[in-house]
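Chains as they are written, first to last, in my numbering: chain P, 46 to 356; chain X, 52 to 428.
Hints in this document: simulated from the structure, not taken from any laboratory.
Treat the hints loosely; a few may be bogus.
[Claimed, not checked] Each pair of labels, with its calculated beta carbon distance range:
| # | chain 1 | residue 1 | chain 2 | residue 2 | range |
| --- | --- | --- | --- | --- | --- |
| 1 | P | A308 | X | A226 | 39 to 49 Å |
| 2 | X | A320 | P | Q71 | 16 to 26 Å |
| 3 | X | H246 | P | K331 | 47 to 57 Å |
| 4 | X | L119 | P | A308 | 26 to 36 Å |
| 5 | P | R267 | X | G327 | 50 to 60 Å |
| 6 | X | W342 | P | K261 | 25 to 35 Å |
| 7 | X | A340 | P | Q71 | 35 to 45 Å |
| 8 | P | G185 | X | T94 | 26 to 36 Å |
| 9 | P | P271 | X | A226 | 51 to 61 Å |
| 10 | P | P170 | X | H246 | 24 to 34 Å |
| 11 | P | A353 | X | A320 | 47 to 57 Å |
| 12 | X | L95 | P | G185 | 24 to 34 Å |
[Claimed, not checked] Calculated lysine to any residue pairs in the SDA-like style (CA-CA distance at most 25 Å, straight line):
| # | chain 1 | residue 1 | chain 2 | residue 2 |
| --- | --- | --- | --- | --- |
| 13 | P | K141 | X | R231 |
| 14 | P | K147 | P | K261 |
| 15 | P | K261 | X | W342 |
| 16 | P | K174 | X | L230 |
| 17 | P | K331 | X | W342 |
| 18 | P | K261 | X | N115 |
| 19 | P | K269 | P | L288 |
| 20 | P | K141 | X | P221 |
| 21 | P | K174 | X | R231 |
| 22 | P | K109 | P | L119 |
| 23 | P | K174 | X | D324 |
All figures in this text were calculated on a predicted structure; none of them were measured in a lab.
Built from N, CA and C at the ideal position, the CB exists for glycine as well.
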Amino acid sequence: MAAFVMLRYPPPMIPEIAALQALLEQAAYVADRSVATALFLADALERPLLVEGPPGVGKTEIAKVLARTRNADLIRLQCYEGLDASTALYEWNYPKQLLRIKLDERASSAQSPLEQREAEIFSEPFLLKRPLLQAITHTGTPPVLLIDEVDRSDEEFEAFLLELLSDFQVTIPEIGTIRATARPTVVLTSNRTRELSDALRRRCLYLWIDYPTLEKELSIVRIKAPGAGDLLTRQVVAFMQSLRTLSLSRLPGVSETLDWAAALVALGSDSLDEATVRETIGCFLKDRSDAEQLRRVLDSGGFEAMAAILT
Amino acid sequence: MSERTAFTARAIEASVVRFCRVLREHGLLAAAVESADAVRALTLVNVGDREDVRLTLRCLLASNRNDLLLFDRLFEEFWRTLRNTPAAIPKPSLPRKTRPAPLSSFSMRGWLASARGDLDTVETKAASASESLTTAAIGQLDQRDLHDIMRTARAVAKQLANRPGRRWRPARRGARLDLRRSLRGSLMTGGDMAHLARRTRRVRPLRIVAVCDVSGSMDMYSRFFLQFLFALHQSGARVESFVFATRLTRVTEHLTRDALDDAVESLAAGVRDWSGGTRIGDSLASLEARWGHLIDRHTVVTVLSDGWDTGEPSVLDAALSRLARRSRRLIWLNPLLGSPDYRPESQGLAVALPHVDDFAPLHDLASLRKLGRLLAH
Chain P
46 MAAFVMLRYP PPMIPEIAAL QALLEQAAYV ADRSVATALF LADALERPLL
96 VEGPPGVGKT EIAKVLARTR NADLIRLQCY EGLDASTALY EWNYPKQLLR
146 IKLDERASSA QSPLEQREAE IFSEPFLLKR PLLQAITHTG TPPVLLIDEV
196 DRSDEEFEAF LLELLSDFQV TIPEIGTIRA TARPTVVLTS NRTRELSDAL
246 RRRCLYLWID YPTLEKELSI VRIKAPGAGD LLTRQVVAFM QSLRTLSLSR
296 LPGVSETLDW AAALVALGSD SLDEATVRET IGCFLKDRSD AEQLRRVLDS
346 GGFEAMAAIL T
Chain X
52 MSERTAFTAR AIEASVVRFC RVLREHGLLA AAVESADAVR ALTLVNVGDR
102 EDVRLTLRCL LASNRNDLLL FDRLFEEFWR TLRNTPAAIP KPSLPRKTRP
152 APLSSFSMRG WLASARGDLD TVETKAASAS ESLTTAAIGQ LDQRDLHDIM
202 RTARAVAKQL ANRPGRRWRP ARRGARLDLR RSLRGSLMTG GDMAHLARRT
252 RRVRPLRIVA VCDVSGSMDM YSRFFLQFLF ALHQSGARVE SFVFATRLTR
302 VTEHLTRDAL DDAVESLAAG VRDWSGGTRI GDSLASLEAR WGHLIDRHTV
352 VTVLSDGWDT GEPSVLDAAL SRLARRSRRL IWLNPLLGSP DYRPESQGLA
402 VALPHVDDFA PLHDLASLRK LGRLLAH
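Let's have the full structure, built from the sequences with the hints guiding it.
Written out as C-alpha cells, the structure is:
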C-alpha cells in the first residue's frame, strides 16, 4: 500500500533533465519527460536523435527550439527523393570557376602550370557549402543540424548520411579531409513513409512522439495561442481529442489544433458552436472524405459529445 | 568510488547486458555497442529512478515504434531484477516470433509433400466451374517449370519495378549536360569545353507489395501464386509479400529463403489460416493500417485474388480507394479471368474495378508471360 502511494507522486528527476525541460518550456515548447531525456542523452552521448511520429506533433519544432534555447545556429536540410551529395554537402561554383579560367587566360600569356591552375579553382573560395558541410565547418557554438523528413530521401542518401554521422568528417577529393571542429547536435525527423535502415536506426537515439494527451495539448494551446479564451481553448482541445478517436485517414496533429485556434480567435469566437465548426472544418481536416465523415457525425448530433469539456 | 558503488555499477552493467540480450532475442536491434552506451548513459541519470531509467534505456535500445510496447513490457522484468540485483533476469514469458504450427490445411499438406518430390500425391479441392483450368494449371507446375516461372517473373518484376529515378549518372547520350565533368575536362584545353559530358536519370526500382489470397476458393491457384511470389523475391526486386484469407500475414521473411522447399515449409509453419474463408476488404484495410508505411508513391500494389469476398463491400471499397491513392499503381491479378466463360461479376470485383489500374488474368505460365507484355505498356 505504501509503495503504491509513493508511485503516485512524480519521482524526482535529475537536475539536468529537469532544467532542460524547464528551458524548453520557456522557449514555448511543451516537452514531456521523454523528450527532455532524449535531448539530454543526445548531447551527453554525442549521438544523433531520430524523432518519429505522426505529422504535426512538433518533431521539427524540437530542433528549432533547441537551437533557440542555446543561441545556436539551426542548419536545416530538407530531404527529398533524389537528394544527393551535391545538394546536401557541397558543389563547385562552376560559373565562377569558368570566369576565373577565362580571366587568367587574358591576364598572362605565360601560363602557370596546369596543377597550379587546377588547385586554384578547386579551392575553398570556389566551393558552395551545402547544409551538411556548413554544419561541419561551423565555428563558434556548435550548431543544431536538423535533417528533416529523412524518410523522403532514398537509400543511397541514407547510407551516405550514416557515414557522415559516424565521424563528422568529409573528404573532398580536390581539397582533402575536413573534420568538424565542434560536433553539431543532430536531430533527424521521419514521418515513416518508408522504413529507415537498421544501420541508421542503430546509429541514432530513438524518440517517438505521439499525439499529445489532453493536458499536454491544453498547455500547448495556452502557450502558443494565448489569444484564445479559457473556454474556447478547452473546447477546441476536447474536440480535437475526440476527433482523433474517429477512424480518419489523416488524423489532425497539434499544428492543426493551433491553426484552428488561431482561426477561431480571428473570427472573434469565444466559445465553440456547431455552425462555426462546420465553417472551419478546412482548418483541421485536410482530406475530403474525412471532412465528410465529420459532417455525418455532426449531422447525427454528435457535436455536444465531441466538444464536451471534462472537468 | 567506494566498494559498494563499484559493486552496484558492475551489477548494473551485468543486468543491462542481460537485458540487451533479452531484447535481441525478441527482435529488437539492441547490439553490443548499445549495451555499452546504455551502461554509460545510466551513469549520467539517476539509477534509482524508474522513469529515468526507463526513458533512458528506451531511447537507446528501442529503434522503432513497434518496439516500444514490447520494450515497456520487458523493461518491467528488467527493473525488478535491477532492484534485487543478484538474481538473473528470468526468461520472459512472451511468445516468440516464429513458432512452428501444425499444418492447418489439407491441400497445403499435399503441396508440401509435392515440394518434397512426390508430385503425384497432390490432391486439390477442385471447384467445378473451372476444373479443366485447374488441372492444366497445377499439372504443369512441377520443379522443372519453376525455372521458367523464375525467368518470366524476373521479366515481370522488371516491368513492374523500373522507372526513371531522380538521381543522375554519367551517360554518353544523356539528356542533360554534366557541368562538373565538363569543367574538369576543359582544364586540359584552357577552359574551352571541347567535349561536353552528359548525364541521364538513373533507373530507380519501385517496391512491389504483393497481397495473395490463400482462401479456400483460391486453393488450386495458391500454389502457383506462391511460386510466383517466391520467384519475384528471387528476382532481386524489392518485394514485400502478404497472404490473407480471413486475416493478413506478412510472409516476406518466409519467401526470401534460398530454396522453394524451405520457403514452403516455413510458410506452412508461419501462416495460420490457409484455405479459410475470405475477407478481402478487412485484410486490405489492415494492410493499409499496419503496413501503410511500406506503401508510398514508389510502390506497386499487386492483389492476387479471385475477388470472392464474404466481408462488407463498403470495407473493400474504402480500403482499395486508400491503397490506390497511396500507391503508384494498383494491379489486380485474377486467376478466373483466364477462363473463357468467366465474367468478373462478383460483388467484390464490381466494387474493386473502379480503383484498379490494371486488371489482368494470371493462372499459369502462359498468362504470366502475357502479363509481362501487358505491363510493358
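Against the structure, the hints:
Distance hint for A308/P and A226/X: a CB-CB separation of about 46 Å, consistent with the stated range 39 to 49 Å. In this structure, A320/X and Q71/P break the distance hint of 16 to 26 Å, their C-beta atoms being roughly 56 Å apart. The beta-carbon spacing between H246/X and K331/P, approximately 50 Å, falls within the hinted interval of 47 to 57 Å. Here the CB-CB span from L119/X to A308/P is close to 34 Å, well matched to the stated 26 to 36 Å.
Taking 50 to 60 Å as the suggested C-beta distance range, the pair R267/P and G327/X conforms, at roughly 52 Å. A hinted range of 25 to 35 Å holds for the C-beta pair W342/X and K261/P, which are about 29 Å apart. Range check, A340/X to Q71/P: about 39 Å between beta-carbon atoms, so the 35 to 45 Å window is met. Our hint of 26 to 36 Å for G185/P and T94/X holds, since their Cβ atoms are close to 30 Å apart.
In this structure the hint that P271/P and A226/X lie 51 to 61 Å apart at CB holds, the actual value being about 54 Å. Distance hint check: the CB atoms of P170/P and H246/X are about 27 Å apart, consistent with the given range 24 to 34 Å. One distance hint, 47 to 57 Å for the beta-carbon pair A353/P and A320/X, holds here, with the actual separation near 50 Å. Taking the beta carbon of each, L95/X and G185/P are about 26 Å apart, inside 24 to 34 Å as hinted.
Taking the CA atoms of K141/P and R231/X, the gap is near 13 Å; set against the 25 Å cutoff, the hint holds. Between K147/P and K261/P the CA atoms are separated by roughly 62 Å; this puts the pair beyond 25 Å, and the hint is violated. Proposed proximity of K261/P and W342/X is contradicted: the alpha carbons are some 29 Å apart, above 25 Å. Between K174/P and L230/X, the direct Cα distance comes to roughly 17 Å. Compliance with the 25 Å bound is thereby established for this hinted pair.
Of the supplied pair hints, the one linking K331/P and W342/X holds, its CA atoms being roughly 22 Å apart against a limit of 25 Å. Straight-line distance between C-alpha atoms of K261/P and N115/X comes to about 23 Å, which keeps the hinted pair within the 25 Å bound. Using a Cα cut-off of 25 Å, the hinted pair K269/P and L288/P holds, with the two alpha carbons roughly 20 Å apart. A hinted pair counts as satisfied when its Cα atoms are at most 25 Å apart, and K141/P with P221/X qualifies at roughly 23 Å.
A hinted pair counts as satisfied when its Cα atoms are at most 25 Å apart, and K174/P with R231/X qualifies at roughly 16 Å. For the given pair, K109/P sits about 7 Å from L119/P by alpha-carbon distance, which is consistent with the 25 Å threshold. Proposed proximity of K174/P and D324/X is contradicted: the alpha carbons are some 57 Å apart, above 25 Å.
Consistency with the previously given hints fails for numbers 2, 14, 15, 23, ordered from lowest to highest.
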